[in-house]
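Q: Spelled out, the chains give:
Protein chains: 6
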Amino acid sequence: MRKIKLANFAVMSGLNPDHEAALREVVTELSAGENLVNICPSQWRGEPLPSQQAVKEIITLSRAIIFPGFFGDSDVTRENLLYFTGLWSEKLYKLLTEQIHAGLSMDVCTEDAPEFAATERLASTKAAAFMSCLPELRRLLNADVRATYYGDPAASSVQEVIYCYPGIRAICNHRIAHELVKLEVPIIPRMISELAHGETGIDIHPAATIGESFTIDHGTGIVIGATAIVGNNVKIYQGVTLGAKSFDLDKDGNPVKGEPRHPIIGNNVIIYSNASILGRITIGDNAVIGGNIWVTENVAAGERLIQAKANNVLRIKH
Amino acid sequence: MRKIKLANFAVMSGLNPDHEAALREVVTELSAGENLVNICPSQWRGEPLPSQQAVKEIITLSRAIIFPGFFGDSDVTRENLLYFTGLWSEKLYKLLTEQIHAGLSMDVCTEDAPEFAATERLASTKAAAFMSCLPELRRLLNADVRATYYGDPAASSVQEVIYCYPGIRAICNHRIAHELVKLEVPIIPRMISELAHGETGIDIHPAATIGESFTIDHGTGIVIGATAIVGNNVKIYQGVTLGAKSFDLDKDGNPVKGEPRHPIIGNNVIIYSNASILGRITIGDNAVIGGNIWVTENVAAGERLIQAKANNVLRIKH
Amino acid sequence: MRKIKLANFAVMSGLNPDHEAALREVVTELSAGENLVNICPSQWRGEPLPSQQAVKEIITLSRAIIFPGFFGDSDVTRENLLYFTGLWSEKLYKLLTEQIHAGLSMDVCTEDAPEFAATERLASTKAAAFMSCLPELRRLLNADVRATYYGDPAASSVQEVIYCYPGIRAICNHRIAHELVKLEVPIIPRMISELAHGETGIDIHPAATIGESFTIDHGTGIVIGATAIVGNNVKIYQGVTLGAKSFDLDKDGNPVKGEPRHPIIGNNVIIYSNASILGRITIGDNAVIGGNIWVTENVAAGERLIQAKANNVLRIKH
Amino acid sequence: MRKIKLANFAVMSGLNPDHEAALREVVTELSAGENLVNICPSQWRGEPLPSQQAVKEIITLSRAIIFPGFFGDSDVTRENLLYFTGLWSEKLYKLLTEQIHAGLSMDVCTEDAPEFAATERLASTKAAAFMSCLPELRRLLNADVRATYYGDPAASSVQEVIYCYPGIRAICNHRIAHELVKLEVPIIPRMISELAHGETGIDIHPAATIGESFTIDHGTGIVIGATAIVGNNVKIYQGVTLGAKSFDLDKDGNPVKGEPRHPIIGNNVIIYSNASILGRITIGDNAVIGGNIWVTENVAAGERLIQAKANNVLRIKH
Amino acid sequence: MRKIKLANFAVMSGLNPDHEAALREVVTELSAGENLVNICPSQWRGEPLPSQQAVKEIITLSRAIIFPGFFGDSDVTRENLLYFTGLWSEKLYKLLTEQIHAGLSMDVCTEDAPEFAATERLASTKAAAFMSCLPELRRLLNADVRATYYGDPAASSVQEVIYCYPGIRAICNHRIAHELVKLEVPIIPRMISELAHGETGIDIHPAATIGESFTIDHGTGIVIGATAIVGNNVKIYQGVTLGAKSFDLDKDGNPVKGEPRHPIIGNNVIIYSNASILGRITIGDNAVIGGNIWVTENVAAGERLIQAKANNVLRIKH
Amino acid sequence: MRKIKLANFAVMSGLNPDHEAALREVVTELSAGENLVNICPSQWRGEPLPSQQAVKEIITLSRAIIFPGFFGDSDVTRENLLYFTGLWSEKLYKLLTEQIHAGLSMDVCTEDAPEFAATERLASTKAAAFMSCLPELRRLLNADVRATYYGDPAASSVQEVIYCYPGIRAICNHRIAHELVKLEVPIIPRMISELAHGETGIDIHPAATIGESFTIDHGTGIVIGATAIVGNNVKIYQGVTLGAKSFDLDKDGNPVKGEPRHPIIGNNVIIYSNASILGRITIGDNAVIGGNIWVTENVAAGERLIQAKANNVLRIKH
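Chain order of the listed sequences is A, B, C, D, E and F. According to this note's numbering, the first sequence is numbered sequentially starting from 1. According to this note's numbering, the second sequence is numbered sequentially starting from 1001. According to this note's numbering, the third sequence is numbered sequentially starting from 2001. According to this note's numbering, the fourth sequence is numbered sequentially starting from 3001. According to this note's numbering, the fifth sequence is numbered sequentially starting from 4001. According to this note's numbering, the sixth sequence is numbered sequentially starting from 5001.
Among these hints, one or two may not hold up.
Claimed, not checked - Below, a list of computed lysine-lysine pairs in the BS3-like style, where the Cα atoms sit at most 30 Å apart:
id : chain 1 : residue 1 : chain 2 : residue 2
1  : F       : Lys5094   : F       : Lys5182
2  : B       : Lys1094   : E       : Lys4182
3  : A       : Lys317    : A       : Lys245
4  : E       : Lys4182   : E       : Lys4056
5  : D       : Lys3245   : E       : Lys4245
6  : B       : Lys1094   : A       : Lys91
7  : E       : Lys4056   : F       : Lys5056
8  : F       : Lys5182   : F       : Lys5056
9  : B       : Lys1091   : E       : Lys4182
10 : A       : Lys94     : A       : Lys56
11 : C       : Lys2094   : C       : Lys2182
12 : D       : Lys3251   : F       : Lys5094
13 : E       : Lys4091   : F       : Lys5317
14 : A       : Lys245    : A       : Lys182
In case anyone wonders, no lab produced these hints; they're calculated from the structure. As the structure is a prediction and not an experimental result, all values here were calculated from the model.
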């Protein structure tokens, strides 16, 4: 009898007891083991999981260390730079150790997984190795900044390039992620490149090799595949794809895995907007690829490819 | 006389009294009724407004429930999964009730608006109905994850796909938003799809119908219109548009509203990057649409469309 | 001897003393003056630096003031609108003063830099001038909203357009940034437009001139250059570029700077998805540019350009 | 067999599986119904519970409204006072409605509890009645501030008294809580007085009646009982108790409930530190009670009680 | 020369270069090793330090688990209690492990310190042992609540006692801290009791032994020493001291350490406000100690001590 | 007519239009100038106001700098101490400059107020002077810590004293506040001492002079007046008052202001709990004052005052 009264209260306050019961059932179903196909082994063993939030923080700290004042705390001055850099670096080292540990734990099969402490030790060694690359990363990124500044008529200062150019953010994430790839850190580099992708629309696979003084203008819609190799002083515009060639499928209809399948771009190449360069072809030094062009064969050094003039457009006068 | 002194103080401290006065005037003008043409009726009656922040939280919670550990709190383990799922689910139910209420309130004309409590009751019923779909949503999304993993040579694990693929985030939001469309929830589904658009550059209208095992690679620049229908095992690349055909305008020069105007894509279709498929045409099962192609007529089952080789490109040797 | 024991502790707790030492060295190197080529002079003098976070807050406040309830705090009602508008406006004025000050400080060469207080006074005057434009900005943006609503068959209400259309966010940021360009505020406008770019994939240079009732559909991948001029009632779709013409380089191989180099678009023009309009050409009133088209020459008033039918596509039946 | 390996992992990472199991058991026991004797009926029905955090916020807002700039946001100026006061007041009204609702719900027996909406309506009426008292509360508290300033040789300004005197905080909470007692709000007033007690060591029961221009010096250790009545211009020092007389127990050995049992203090009375005034006695107008004195009988108007000189102290010279 | 100009800038912007230099010097001095006499060995080895914030969180979680809804999140209901309790308990266990580890590390001398992992294991075992006491702690504290409710004429409900009585908070902290003392956890118990002291003015040493159904009224100024033993059903009022006897000093003039030096209080004893009971004396069962009394000798069971009537007060009529 | 409908909506949603109207009236009244008697002149001129939150942060930073690891961030180690100290010190210097500026602005009469920039310059000079005292403050406080450790049988380590003894927090705030008094900073020192009072129940006026190696045990209820002078190696217990003598009133009935009116305490004095020492008397070196004693006349060097044995207590046997 009291139960009936209770239902009335519940309806009045917007809480429907049937909903409560249904909710409990859903929770139970969602928490049952058989429904959890993607829970990874390391999660099951209680080891750290890669955390989107932590990886975001890793990028924030790295950018603050490399370009102090431009990213992170804007109170940084020459006087306090040492203090900020010290604390940022320590925090970055710790977060990296933890996330690399998480990445290392995720792949391994349960039976032959190394001990927790051994994995942590390995992770901290990789994190320390990364830390020692930071000055070189700053040098490389400063070269990218200068190349962007000199190459863009709209850039009014080097500072504007660092503050405002999505290309710089994407290259920054790429150079960080690529360093971690070289240190054989799993998954974390991919999370870092995806962060840049979400932020800028520029999708560079962390395994791609990018030369010095790389410039991206506008950026949105750029895709650079995992096995691409890009030379020095290359400049690309929005919508450019350095992709795998279409239609190369195996006998099961799936793309062939693990092969070099993306282009090799020489030095001093310019690729204009929405051009697609596909397959393991070579674009020679000093080549220029015009906008909206679809390239699937080698281009010689110094060659210029441009779209033929409007031969596929109808003009309808009224 | 004191007034003059005051002005001096103000200048010293960077506060200009003329600015203060101008500021007050602007505030008055901005708050005046006649200047508020878009303030909606429900806002005027004091009912809840849709909140961008709340909708963002709804997505965060949904993703955490469906892929525990990958999104949301990374401390989740098998042991505490029940507790996390319980609290997340309750919070999601409450937020959904509130935001659905807000959505329902927004459209109705003032005069015949239903009572506050009735709308809230309706909202909570729709929210509860959504909650009961969560296990099915997880099943569907796991199928999308698997399809993506098997279809991409660069994907090294199922976990990497969940953590890093923007396609999964966009489909996740779409499947959630589409469920709410089916429950006739106004505006909230559109806010959810726009969140994914902002995050990934993938713009799927929540009313679009998407089959099982859907794969998106790279993603940026994809547009799928409201009346599009997509079959099972379809894979699309960056820059693909499933759009309305251009130039179909009514006598006032505006696009015709409410008609089926986007394509129907069959099962097992692959659409490569930057292809545009426009109008209420049908792409048959197992068809393949090559990159950079503009399709406005039906494609038969099994047909392959590819760009003719470089017939519109000039090669300029130096 | 104790040193050896200490090392053991360190290893146990995951803290490697070698890492500590390496970390300290990296910190020292990163903080050394010679490594800081891009640190700007104002940073060195202790003046405020432009802050990404502050500029983000400036946009959040501006949007909340212009579209109360849709952006910012969703508790706003007609009753409390005056209070919210008052506090938001004061906060916006202060943040603007500070960030404009930072922008003004950044460019100037050390030797002839004006005094701190004079720069702050100038900044506050510019901020006040901006504040007085807010009612006009609301009027303009409401016109953009209405044009979008009437132009899109999928838009179910004016409110949906404000809440969900990335085009509105991008135009909103653009109109704010452009006002600051007119007030000769350096760098901050560019940071504002880049925020919209990151959020929507729409990249409008703040110096571009955009007419009334401007409509953007879907949006991702749009680029509008610094010297572009766009008329009234123009509508553009995703992937459209209003860019500089390719290949116009100076004798050093760099793009020519500072010249009008982007198109002039007339009134009532529609430009469909992925069209590229390049160079200082003129698109006449009422012209229509079809999707995927590459335009580098003038288009007359009323002319319609469409892609020739599939003349470059091969159909392969199986 | 795999189980054994798992245990090893767990030990390595500091996670003991036995602890996990024990933890789960404790959680189950703590969540079982029979262990929850104090869970209140309203909690069971899903109505709001009084929240320590919300009551703290109520006090913060009330203080900010009454003494703008001294408590709450220190950015308040004459110019923006209207805006701040408007938003603070609206927020206070809402929080009060919610917490009064919670208080009203807590006591009632399940069977005859009024409907949710009716209780909410009653709560909002009480909240509105409280809001209308705020100007009078400010007047009263300003009188307390002035009395404190004129009565303390160490007070250097009226502003110092508001910022720094715990007595003002305690009286402020008391006058707020007492107003709610007069509006027959259960439990919330007691939570408010306890907040002041924790903050200042001054424990004034919200039902106590306190006259105008009340002064507390130093404050810690003051106790004023529920049925005490204090006249105008009264001043008390640290450690003073206006308490119930000891030893008045009923036949079960418990204190007699509900009777007037605390003293009546006349106008212009001063009570020095650590004096205890106990039982329903009357201290006449203009009386002075010396420090460390124990008073259990009436004191006539104008009388002065002081401790006899050191008659109970031994002086031991070495 | 530039240096002089720089100084001018600095003065303008409120940054005095002399201050900067002085600041750097102070920082260097404060960070030098010889100035850091209290840095503890574990801090030096990089082990966790006890954290005031973490200990505060431990208390918040414990209170939320024991009195759900009254402390911590007020959204707890019967339905979600299991979920909340699960997550709170897990978090409490982890925080306790970490802080107990920190406590254990702090005392030990560097040379013979156990390994990091061994200490962590020991800490987690102690934390688990504490967790298993939680149901018993709830039982004890519920008895304290009931005793307080029945003993205070001003208490209107059991719920009011939990929400509002500082005595309950102090006893709650004490029972938690005492449990940790029994588990031989160093320093953390003392931090817990000091938190209650700061919050309530009630200072109970965690080593003190307190019986069941203990009642504290008003509370401020209560001191209970480390070797005190208190029986069941004891009630004490504000300002009561169960302290060490004065003047018992050793030959160096310091108090004698480590001896039982605080009183033993029997069952059913009442001690009124500001009474001081000093030294290792015994107060027999059912005794009553009146207010403001100084007791340094045994009191027999059932005895009542009261202050002689006003024999040391002068009444001065005017 | 629409108005009536509106009222119905409002009641349904718990928003009573009468409440709204009343609320607006209250807001208007509370914001009117005539109701704002305590708004201070500096607030009116837009200068910074003292902020409770900022002063709290000043104490947090000072404690963290003086006792690194014990207060503030517990991640501090010997390795990163320089970085933490650097950032804390810079932040402290800025906050102090701002709050001292606020304090200096508050007192001055409008007409002859110095310029904003001059006051800021003065404030920064005082802040810099304070910063240079920090090493000496650490030395003094370490002496207090050692004295407390050696004087308390319950203190198990020097670290426990720093972490857990309210006396140390109170003395720490006092020594900071007293330094600011010596620098003639208005109001801020008083806010600092009141923070300690609220946190510990120990009320030391910032103008009081306290010698080295000062010990406070338990602390709650201690009052030390503005003109008190305390020698070296003094120890006091809970409830001790070093106050002004009662009854010294001027002809208007107010306490006489500005005179030395609190006691002078010699070196090596011990004062036991709840003793009150009142008026400008002198307690000679090495004197001992027993608990609960009321002292209003000089005590010679080496003298011991104790309460006569229980001559005012009645023992009632049952």
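Q: State for each hint whether it applies.
A: We went through each hint and held it up to the structure:
no. : hint                  : verdict
1   : F:Lys5094 x F:Lys5182 : 20 Å, holds
2   : B:Lys1094 x E:Lys4182 : 44 Å, violated
3   : A:Lys317 x A:Lys245   : 39 Å, violated
4   : E:Lys4182 x E:Lys4056 : 20 Å, holds
5   : D:Lys3245 x E:Lys4245 : 28 Å, holds
6   : B:Lys1094 x A:Lys91   : 37 Å, violated
7   : E:Lys4056 x F:Lys5056 : 18 Å, holds
8   : F:Lys5182 x F:Lys5056 : 20 Å, holds
9   : B:Lys1091 x E:Lys4182 : 39 Å, violated
10  : A:Lys94 x A:Lys56     : 14 Å, holds
11  : C:Lys2094 x C:Lys2182 : 19 Å, holds
12  : D:Lys3251 x F:Lys5094 : 65 Å, violated
13  : E:Lys4091 x F:Lys5317 : 53 Å, violated
14  : A:Lys245 x A:Lys182   : 26 Å, holds
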